[in-house]
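Peer 1: Based on these hints, arrange chains B, C, D and E on the given structure of chain A.
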Amino acid sequence: MWEASALTITVFLPLLGAALITLIPKAREELAKPVALVVSLVAFALSLAVLAGYYLGPAGGEGLAYQLRVDWIPIIDASYHVAIDGISLPLFVLSFLLTFLCAVYTFHHLEAPGRPKAFLSLMLLLQTGMAGTFVAFDLVLFFVFWELVLVPMYFMIGIWGGPRREYAAVKFFLYTLFGSVFMLVAFIALYFAGPGTFDIVALQEAGAAGEFGLTFQRLAFLGIFLGLAVKVPMWPFHTWLPDAHTEAPTVGSVLLAGILLKMGTYGFVRIALPILPEAAVEYAPIIGALAVIAILYGALCCLAQTDLKRLIAFSSVGHMGFVMLGIATLTPVGVNAAIFGMIAHGIITGMLFFVVGSIKERYHTRAIADIGGGVLQTMPRMGAVLTFVAIASLGLPPLPGFWGEIVALYAAFNPAPALVDAGFLTFFRVLMVLGAIGTVLTAGYFLNMLQRVTLGTAPARWREAELRDISAIEWGAWSPLLVMTVALGVVPVLVFGITDPAVSAVLTALGVS
Amino acid sequence: MDVDQVTQIDFFALAPELAVLGASLLVLLIELFLHGPRKRFVNPIAVLGVLVAFGFVVALSVDGTERAAFGEMFVVDSYALAFKGFFLAVALFVLLTSYRYFSEIRTYQGEYYFLMLSAFLGMMLMTSARDLVMLFIALELVSIPGFVMAGLRKFDLRSNEGAMKFFLIGVLSASVLLFGLSIVYGFTGTTSLAGVAASLEGAEATPLLLAATLFVITGFGFKVSAVPFHFWAPDTYEGAPIPVAAFLSVASKAAGFAGLLQVTFVAFEPLADVWAPVLGVIAILTMTLGNLTALTQTQMVRLLSYSSVAHAGYLLVPFAVVQPGATALNADAFSAVLIYLFAYGAMNIGAFAVVTAVARRHPGRRITDYAGLGSRSPGLAVALTLFLVSLGGIPPLVGFIAKLAVFFVAVEAGTTLGIVLAAAVAINTVISLVYYLRIARVMWMEEATDPEPVRPGLALGFTVGGLTVVTVALFVLAPLLWGAADRAVLVAGG
Amino acid sequence: MSIPDLFMLGAFVLGGAAALLVVTARNVVHAALYLVIALVAVAASFLWMGAEFLAWAQVLVYVGAVVVLILFGLMLTRAPIGPMAQHNENRKFAVAVSGGLFVLLVTVIVATFGDATVDVTPVRVADLGEVLYVQWAFPFMVLGFLLTVSLIGALVLARREEGEGPLPDDTDEGSDQGLEDAAQEPGPSDVTSAPGAGDAGQQIGAP
Amino acid sequence: MQAVFPLTFAALLFSAGVYGVLSRRNAVLVLMSVELMLAAVTVNLVAFHGLVASEAGDPLLSGQVFALFVMGIGAAEVGVGLAIVLLLYRNRATVNVDDADLMKY
Amino acid sequence: MFSEWAWLIPALPALSVLIIVFSGRALPWKGAEVGIVALLASLGLSLGVAWEVFSHNAGVTQGIGPAGDADAAPAGAEAFLLERGLTLTPLGGDLAVELGMRVDGLAAMMFVLVTAVSLMVHIYSTGYMHGDARYTYFFALLSLFSFSMLLLVIASDLLVLLVGWELVGICSYLLIGFWWEDKHNQDASIKAFLTTKLGDVGLVVGIMALAGMFGTFSIQGVLDGVAAGDHSQALLTFALLALILGAVGKSAQFPLHTWLPDAMAGPTPVSALIHAATMVTAGVFIVARLFPAYQAAPVAQGTLAIIGAITLVMAGLLALVQTDLKRVLAYSTVSQLGYMMAALSFSYVAGVFHLFTHGFFKALLFLGAGSVIHAAHSNHMTEMGGLRRVMPVTFWTFLAGSLALIAIPPLAGFWSKDEILVAALEAGGYTGTVVLVLGALGGLITAFYMTRALYLVFAGEFRGHGHPHESEPAMTAPLIALAIPAVAIGWINLPFPALQPLSLSSWVMFDVDYWVANPVELNAVVAVIATVLALAGVLAARAIYREAPERDPLLHLGLLTHVLQRRYYLDDLYTDLIARTAVRDKLAPAAVWFSDRVLDGAVYWSGRGTYELGQGLYATGDQRGIDGAVNGLGLSALWSGARMRLAQSGNVQLYAGALFIGVFVLAVVFASGA
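Protein chains in written order, with the numbering used here: chain A, 1 to 513; chain B, 1001 to 1494; chain C, 2001 to 2207; chain D, 3001 to 3105; chain E, 4001 to 4674.
Okay, chain A solo, but in the shape it has when bound (with noise of 0.2 Å):
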């Protein structure tokens, strides 16, 4: 029974939770707060049991787990499609633990102007749109959830975002949408070019079986290609990032840079790469070539940011190049390189947007040099925290972003074989040359950064305000992201463990690697 319906019950949850909070009176909003607390604890406990079942129970830890298929419209195939495995499963975890993380937050602090009960209900809707991609085995489930995160989200960035939330706002929900009716479209294809289903398996064993032909597998990989790259964001897609995550509230920073870019990225590894195994070998080389270029590029525009949540922001597209070229690799490494640096970027930049969320709120500015040094000063702990989360950022071992970077690049080194074949094993070693470099211009931006917010004097106008340092609730919603920083760097393994055996059933089915 567990088995059969633990993931829609988790998935759901939040929305029930949702709906819930709506019921709440006006008069009583606060309530809403303690209301989704509860419910994103509960629903995040649900999901480590997930997790601790997936290896305690019949799966034992490989395969597809808590599978539940049941039709939903039998006349095109479409079902209700869910299931788990070592791909998604560090992934779908991590979205409840961030989206609990961020109920805690609001109770610290929430973006004028204020109505928790809107915007909790718009987070936990959010929660299940994520959980649900992660989880969905069939393609038009797949992109209901992948969709239904676009509304909260637009939502979350019009009514509490910056000054120019409105423009980020439509920006970010125009872009991404814009990418994913492609996708669509690609995904209506891959039905009636394969098996006639939707259902993600099956199209997977018609791609490893060779069902598709050549010519269609380029046409539908662009389209898809198309949907997940503006989401990564790869480059040149990526314009609408900076401007969604400077201006969105510190708890959709979090969420959109933690979990909402790692829909992309898992897509490519779910769907692009093992149902249009071909094509993926021939889009291979671009979308390596357009990570190096995030890379190199995203580090290049952090340098000349003048706002910090910019500046992180912009540091989000180097990062996702370095797991898009883990997955252009195609190789088990480079993907599970690629999941670890998903999980490693949820994670910190999740942390990052948060303590600049927190700077921000008692700064009431975003300007680097309106802030002019010396937060070490004013707040020893904040600054103390920025220093260590922008330290592990910029891929410091053995903090997580230096598993998923340089196990990336020895996966560019020894690229898929079949790239070999095609005579791209040159090319990708300067990729890797060049993604090494882009490791130092990271550390570079970052420090950058540091020695201009941390360090250094205080303004006078700062000291004398006296600034409270990091709040109870920001440790508590904190001090997990920051453990499981170090947990994940110093045992890796807790990632790769369970990504491995999946990452490599997926990839020798291909028989790309």
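Fair warning: there could be bad hints in the mix.
Calculated lysine to aspartate or glutamate pairs in the DMTMM-like style (CA-CA distance at most 25 Å, straight line) [what the hints assert, rightly or not]:
#	chain 1	residue 1	chain 2	residue 2
1	E	4183	A	466
2	E	4030	E	4132
3	A	26	B	1452
4	A	26	B	1066
5	C	2092	D	3098
6	E	4183	A	205
7	D	3104	C	2089
8	C	2092	D	3101
9	E	4183	E	4383
10	E	4183	E	4612
11	E	4183	E	4132
12	A	33	A	469
13	C	2092	D	3099
14	E	4030	E	4181
15	A	26	B	1450
16	A	33	A	361
17	E	4183	A	370
18	E	4030	A	469
19	E	4183	A	469
20	E	4183	E	4324
21	E	4183	A	464
22	E	4030	E	4472
23	A	26	B	1446
None of these hints come from the bench; they were simulated from the model.
Peer 2: This is chains B, C, D and E only, laid out in the frame that chain A set:
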């Protein structure tokens, strides 16, 4: 067809129409005996009539046998029943939307409901008609009350003008349609849809026949407000009472599509090679122009009217992929149109219902009137947001299922035109969300200029709430929608 | 060219000329009278083609009723009776469109039916009546209802009566003055309480 | 009888009607033009009926019956149209079609 | 037995970090004691491990007899090697990262060096950093650094080694910028980190290339793979060259050496520990770690020699003209690291031996310098002088360290540097000759600048402000403790074949065959020449600076004349002309110019240029180009929307016209379709 056959009338088959007819006459009659504010009680009578008719439709569906009365003039099959059910549901919500709007006037309430019910009667007849003559008469029965209702804001010049434009373009296109039909008759010697199809099978597509097809398309193109036959729509919607605008944008348009479906998928199916690309061009033009023009609108009803033009474009996409003889593909295309229509009906009437509610407080119907609606009337704002997002085709709302169905057939066709159409729909979806989101933005992200809440009242509140539920529920229950549409397919050779 | 052809040609010439005059006459009443001629010519052509009943129906319905209705319309709208410019600035455009249409139609007609002939055997009125009341009974009934609907519709629009007022949002230029009392009115009690909006609205929107 | 004569007659009436609809300012004159178009349709129908009768035959007399219906519908339309024109005239004291451009863009 | 527990050596400082971070402030000595105890324990364990390794290796080598006598090692004789590990994580496929330890002679030696120096620095810092606001934080970082360095040393897996490598880098960053209120320190810390990080590109590429070639990150696996010889020679050379780039960055070799002098902005104990004894030797260490691989790639070896040779001379010349005491020492460090690098291209033992000795005496020198600076409140030698009298302990220990560095026999530096020159001589060839000549010349320069520093600091009258006094025992005790190895540590590898089985060469050997084939021998000629050169340098400097260190040497022509007259007029002339005029006034400034302008400028401008590129890219490319295109599309949609709505003219007759136009247009479409 001998005399016995046509005089043996199956009243059960006719029951829904008779119920609506009865209600319409009853409304007209009873209103004479009601005075002042009491005149509004004719609305419940009309609603009751619609519900009774709906009951009959359900009964007929359960019964399941194909019935006919008056030969091909009146056929009851799953297609007809599906559409009748849809039209009656639309009628129900339009009537509920109308209640408070019209309850505030003293006169011609009975006439209004009579006209409205007559129009719906016309639609129901249309779906049962399998003959061009009957089809045309039913279509006129939809149009003529529409002309009148569009002008019901008798003291507002905009309404007068809107009605005039609607009427002139309507009559003009009716003439064009008739001219086309007459040529078709000349070629085939029959006005029966099946007969036309049979006689066109293998026939040479002479220029005159093509011109006739074109004229017929033009006639229906007016009804569905496809570009370039759409110009009346924004002006008329803007001038018309809002419930009537809702009626025009959903019911009247759906009737146009019902007619177009029968004519193209059944009668002209053998000529699909010729007219399908034309409809493809029209589809692309319609959605693009509708969406682009909607971008810069400042008036809510006008914006929705351009939006409904754009939706006509999406609805035309399945027509454009029809191929002669490709029964499976055509059936899918047919059902895609039905799915889209049903979905569109729910969400668009919902949007108009909210607009009706807001217009009571802000007759100007400007988009700026919606500022801060999210804090003033959260319920209405949530509902309108859902309707708009659904119109944009975002899951988990029924609009997504509709878009999915359209994409589905466009891709299924696998032709270049299909791919181009899919891409056009994709791009247009994005464009359309610009203005849908603009309204959402105004509602939720701008300060209210008027702090007073907007209260919809019971009937309107029920409409909005009910349609919200429908918009969400039909997504989850998409198989019902899809299955119903699939069963209602009416394709030559199918 | 047979005799019916000649008759037909006569109706053609007469009706065509009259039709052209209808759409070009500078005097509205003259236009109406030309319309009578054109419609009579149409009736005549029916006659030559063996549709006797239709011919008489045409004369009765159109010449007898419709044209009279139109003349009434002209009078009621106080159209200037004297000659004056009755054309808008689209005239050249209109000539091009209609001329093009005519050329197009004639071309395809001649191409398609250049050598076809029309059976002019008169249709007996009894036969027509039979099919009309048996096979076409249903559309006929619906047409009857349609005429009723149009009658009532025309009446609603054309009449003015006591107590008639504008609809809630009848305003010029859509000014933002909502109905205050409507807004204050509590929603759920609508069903029973008498809305007093009509009166207020009348003062605002009455022409 | 040669089919081209009635058919061309109908085409002429129709085109004239189109011209009138497009170019006449007075709404009543536009209505008259519409009547011409409808008349054209009836001529067409009757002619085609003859055409069909001369070939396969038409036991249902569809063409003539259709023409009859078109006449009825034409009458109904004129009624409603005139009502609309009157309404417009009452509120604005003009029946010129091209003056009606309160709503645009 | 100790070796099995060697993992505790890094683990104890790691534990100490946690304790200090979480409860350091509450402790009586504010956390310092935790670090000291941990390091003490680690040192003890290190010595145990060292003894175990030594006894094993000595057992093997004693069986063979004096190095060089036998032709080959007997079968079964293996150098000590203990590898223990657990799989840290699979990476996919059959690739995994092992968290393992690789205990052998090299590791054991590094354990001793790192823990000993670190312990001394810990103790010293309790005095030096006394009263600092971030005292506890400082000790946490020191412990963290010790852990990181030891992790680097113990790693059996290249990725884990990389972890340690990066960690020491970040510790260095944090410690250089320890007083972060000052922008100068911030800049120095960032420069240090980024410059080494740039080198890390090479390291990462190299490691990836090695791992990619051999399918494992394990050091042993790589070495086995190289030994098996089934690989692309070009790729191996490429990988090793890339690794050299990493080493160049970390060990401040030409041309990436510029960060190290700036790094002196950090607290002096940090300079002693990180920027003299341990972290900067990581580059040397990794080359030593992969020495067998380098042996298989002569090109890489040659590159090492050239880089080392250039560095040692260039840095020595630079040291000549510094007035900042720490900078003198910093350049000296760079120079000595150059020796080590160069040495490793010929002889494993020579390079490692010099690493070991240098670690002790350079730490001593830095700590001594710290003591001096603490007393004089200035880094500048112009504000010192005459401290010999007031700071006797500091003076004597500093002198010992200086002489060790100058390589005066029988102090530590002499033996190790001599070994390098001998190795270069024996290797011969182009690179050998270059290293030999430049190395000898470098000895001269080293002697000169160290003597100058000694005179400027300790001789003459005090030129600064205040009243300097001897440092507290917490600082002097480590000086004394370090002075002992500075004097004596060289004796553990005396170049006499008979002693070799019991010496360092046996202790640190990685392979018995190599030990047999490359005996450490005394070359009397080289030793004498080197010593003479060193003494020449000392004397030259003494000649210039003895009498009046406070005066600008340029004005000391009279003194020069006096020296000439007394002994070797030519010699003095030579000294004057070459050492003072040519070298100091021309070459050294030129080198400074090159270093500051060209190299540093290149670094600066490449950084600056990168920044500008980022600015430009962002402003034009991203915001105007890509984003502009996106916004432009939106705008054009709006624009066309605004155009299109004009079609809605309001005139119904135009609408009707459009209807017919539409019919015509569609007819054309129709016709084309049909």
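Peer 1: Would you mind marking each hint as holding or not holding in the structure?
Peer 2: Consistency of the hints with the structure:
1. E/4183 - A/466: Given that 25 Å is the threshold and the Cα spacing comes to 23 Å, the pair holds.
2. E/4030 - E/4132: OK: residue 4030 of chain E and residue 4132 of chain E at ~11 Å, within 25 Å.
3. A/26 - B/1452: Distance of about 16 Å is within 25 Å: holds.
4. A/26 - B/1066: At roughly 54 Å apart (the allowed maximum being 25 Å), residue 1066 of chain B and residue 26 of chain A break the hint.
5. C/2092 - D/3098: Given that 25 Å is the threshold and the Cα spacing comes to 16 Å, the pair holds.
6. E/4183 - A/205: 60 Å, violated
7. D/3104 - C/2089: Since the Cα atoms of residue 3104 of chain D and residue 2089 of chain C sit roughly 18 Å apart, the hinted pair holds (cutoff 25 Å).
8. C/2092 - D/3101: 21 Å, holds
9. E/4183 - E/4383: 24 Å, holds
10. E/4183 - E/4612: 21 Å, holds
11. E/4183 - E/4132: 18 Å, holds
12. A/33 - A/469: OK: residue 33 of chain A and residue 469 of chain A at ~23 Å, within 25 Å.
13. C/2092 - D/3099: 19 Å, holds
14. E/4030 - E/4181: Since the Cα atoms of residue 4030 of chain E and residue 4181 of chain E sit roughly 22 Å apart, the hinted pair holds (cutoff 25 Å).
15. A/26 - B/1450: 20 Å, holds
16. A/33 - A/361: Distance ~19 Å between residue 33 of chain A and residue 361 of chain A Cα, so the pair holds.
17. E/4183 - A/370: This hinted pair holds, its Cα atoms lying about 17 Å apart.
18. E/4030 - A/469: 23 Å, holds
19. E/4183 - A/469: 24 Å, holds
20. E/4183 - E/4324: Given that 25 Å is the threshold and the Cα spacing comes to 19 Å, the pair holds.
21. E/4183 - A/464: 22 Å, holds
22. E/4030 - E/4472: 19 Å, holds
23. A/26 - B/1446: Holds, at roughly 20 Å.
Consistency note: the structure conflicts with the earlier hints numbered 4, 6.
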